[in-house]
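Start from the sequences, fold in the hints, and give me the full structure.
For the record, in the sequence shown the residue sitting at position 235 is 235 according to this note's numbering, with numbers rising by one throughout.
Among the hints, erroneous ones may be present.
Stated by the list, open to error - Keeping only pairs whose Cα atoms sit at most 25 Å apart, straight-line, the calculated PhoX-like set for lysine-lysine is:
(1) K33 x K48
(2) K37 x K102
(3) K43 x K109
(4) K178 x K223
Simulated from the structure, these hints should not be mistaken for laboratory data.
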Amino acid sequence: MSKKNLPHIQLYIGDWERDCNVLSLEAEMAWMKIVFKMHLSGKEPVYKTSAKGLQILWKCSPQKVQEIIAELDINQICGIQSLADGYEFKSRRLEKENTTSKTRSEAAKKRYIKDQKDTNPTSKTPAKVLQNTDIDNDNDIDIDNKNVNNGKEGMGEKPTVLLPYTSAEFATQWQLWKNYRHKEHRQNYHSPESEQAALAELNSLAQGQQTTAIAILHQSMGKGWKGLFELKPQGNAGKPPAGKSKVKYSDDFKRKIAQRLQSG
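This is the structure we're talking about:
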């Protein structure tokens, strides 16, 4: 059977879940289609295609193609390079596997040739050499698997947290929230997945509005809460109580409060 018509694909489910859980379903399936193309070409780590080819492969519009490419790139799922007439996708995992496989094969061949030329009577027989080569290869595979589990996983890279709003203001306020949880409640987000889930919950509570999301963070910090909750209306029908004007703080006061939270 030709190596370019492999009967199955090695897909490490745990690694894939850890890498791709930050993607939308559309982007995850789009990346899987690219991986399939690489596999069918003989596990080549690079796949090149035109923009029109991506529309056909992913069955979507040119605008959606751009959105998916941006999502794959910002989450560092793979290497993406724009070409004059299309795009080039590179799987770091497949590239590493191919390099390791080639290195092992060359090392085993050199050991076998060396033992064949050795005239020492106590030298290993060819059968013994081949047997030990298989053992060495098995050990190499075990070591490679351990290194994969401790480093870059699946077909992409280590997942990163994606903020629902791109402004520097939200990034600062989210960091203040994490500092507050650590200082007041000794709680941290123990993984990118748990932090991403909290961000998704906040975005849902704020109905996609950045100002509301920041207000929710301030509400929880101001009331000493551990979690995030829907913004509570002020007074009746969301208005301040009669006779009480809205409190305004100077920029200097707000800056001092921010510095105090950050120093904590």
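Original post:
Among all the numbered hints in the text so far, which are the ones the structure does not match?
Top reply: Those not satisfied: there are none.
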